[in-house]
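Undergrad: Chain residues, written in single-letter form:
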Amino acid sequence: MNWKMSRVVTTIADVLVAPIAIFGIYLILHGHLTPGGGFQGGAVVASSTALLIIAHGAFGEHKKDLSSLESTGLTLFILLALFGLGYTMFYNYLAGTGTLFGAEVPSGINPGYINTGGTVTLMNIAVGMEVIAALSLILWMMAKRSGSMDLETSRSEVEE
Amino acid sequence: MFWIYQILHLLVLLSLIVTALAVVRFKDLISAAISLGASSLLLSLEFYLLRAPDVAIAEAAVGAALTTAIYIFAIKSTEREEGYK
Amino acid sequence: MRKSIAILAWVVLVAFLIVAAVQMRDFGEPKYDDMDQHFLDNSQIDDETNNVVAAVLFDYRGIDTLGEATILFSAVSGVIAVLRKMRKVKRGVESG
Amino acid sequence: MNFSNPLFIAVVVFAIYILISALRLFLGPTAPDRTVALDTINTLVVASMVALGAAMWEVLFIDIAIVYAILSFVTTLFIAKYLEGVEAS
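Residue numbers (the working numbering), protein chains in the order written: chain S, 52 to 211; chain Y, 185 to 269; chain C, 2 to 97; chain R, 11 to 99.
Hints are computed from structural coordinates only; laboratory data are not their basis.
Some hints here could point you the wrong way.
Stated by the list, open to error - Beyond 12 angstroms from chain C on every Cβ pair, some chain Y residues (computed):
hint	residue
1	L195
2	A204
3	K211
4	D212
5	L234
6	P237
7	V239
8	R264
To be verified - Each computed DSBU-like pair below joins lysine-lysine, with the alpha-carbon atoms no more than 30 angstroms apart:
hint	chain 1	residue 1	chain 2	residue 2
9	R	K91	Y	K211
10	Y	K211	C	K4
11	S	K115	R	K91
12	S	K114	R	K91
Quick reminder that beta carbons are idealized off the backbone N, C-alpha and C, glycines included.
Generate the whole structure from the sequences, applying the supplied hints.
TA: See below:
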């Protein structure tokens with residue numbers, strides 16, 4: 052596994068990375084309306100990272116960036132939970148107040164609006180940040196430290 | 185016509201048993217990883233049939249893609265054949 | 002001896018599974034469903050979300066999600082701690 | 011749900027094909043055979059998910075089929091790269 056993949060795979064991976072990441076971000080942002088949420092969307096975005104790693108190799112030094120992104124997500128999640136502590140923990144203090152993500156939902160069956168949800172939407176984003184960073188970091192560390200993904204040689208040089 | 189849904193469950197669960205048995209029985213670890221991916225995919229289809237789309241997405245993303253990738257990195261770093269040494 | 006113990010354990014496990022499968026109730030009919038009906042009725046009023054699963058996951062049962070996120074964090078910490086010094090060893094033993 | 015929809019019969023046929031492919035995955039002598047069986051199972055699962063989403067009249071269930079189709083490509087790519095490395099070396 053010490054060579055780059057062929058040009059067909061590299062091009063297809065480059066084309067496919069953006070739709071996968073956008074679909075994962077859609078799953079995260081619409082977590083309070085459709086099936087999905089922070090964990091599922093984060094896993095989909097992390098699989099786009101896996102596609103990049105398999106096509107181009109585990110290049111660069113991203114350990115500190117990913118680690119700090121993960122810590123930021125978890126801290127944001129805990130802070131959002133703790134801000135509702137005047138009532139109980141995880142109290143949804145933004146729902147229906149008209150501020151950020153605070154619009155009111157008409158009762159009954161309706162298609163749903165993105166500007167609702169209160170802290171649920173923000174917690175989806177926080178958990179999504181954490182899961183993206185955590186799964187990407189696990190994959191990247193495994194690929195990098197196993198020593199098999201440096202990708203300094205191309206395939207034809209290996210065959211010769 | 186509800187029996188057609190029951191037949192669907194039966195077929196998917198039977199395939200799940202076949203692939204899960206393959207995971208345990210294979211000595212070739214890469215074949216076991218492939219079988220684990222197939223088992224995870226069929227488990228996701230079963231969640232889909234039970235109308236739990238959230239769990240189906242999570243199972244497909246984590247079980248099928250990321251776990252297989254991590255297992256293949258681990259097999260690449262160690263040995264392919266299972267054995268006692 | 003080991004084989005007979007294994008067969009005995011297998012028989013006991015299969016017996017318990019058969020008893021559990023016979024006693025299982027139909028899908029979608031749990032024994033207690035008071036909380037389910039409360040969630041279905043009140044999630045649009047309490048949380049302003051249309052997805053009841055998201056409301057349960059992040060508001061009613063938020064502590065469980067916090068535990069899940071903490072487990073993921075500790076898993077990543079374990080991976081980093083295990084794989085941190087592997088590079089030095091690889092450099093000393095083999096090249097590439 | 012209306013179970014008299016003919017799409018359910020199509021999904022039952024897909025499930026029979028999935029069972030046959032799972033048997034090939036169990037019996038296949040080499041790892042490339044099993045990879046091809048896994049890819050066949052992936053395609054059949056995506057097709058049955060789309061058919062079930064049409065039969066159950068749920069638009070959102072198509073999203074899962076899209077996720078599935080994308081992620082199965084990544085899985086197959088990983089396995090193929092490992093097998094390629096083994097055969098070359």
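Undergrad: The structure should be examined with respect to each hint, and the outcome stated for every one.
TA: Evaluation of the provided hints:
no.	hint	verdict
1	L195	17 angstroms, holds
2	A204	14 angstroms, holds
3	K211	19 angstroms, holds
4	D212	24 angstroms, holds
5	L234	7 angstroms, violated
6	P237	9 angstroms, violated
7	V239	9 angstroms, violated
8	R264	18 angstroms, holds
9	R:K91 with Y:K211	21 angstroms, holds
10	Y:K211 with C:K4	20 angstroms, holds
11	S:K115 with R:K91	28 angstroms, holds
12	S:K114 with R:K91	25 angstroms, holds
Consistency note: the structure conflicts with the earlier hints numbered 5, 6, 7.
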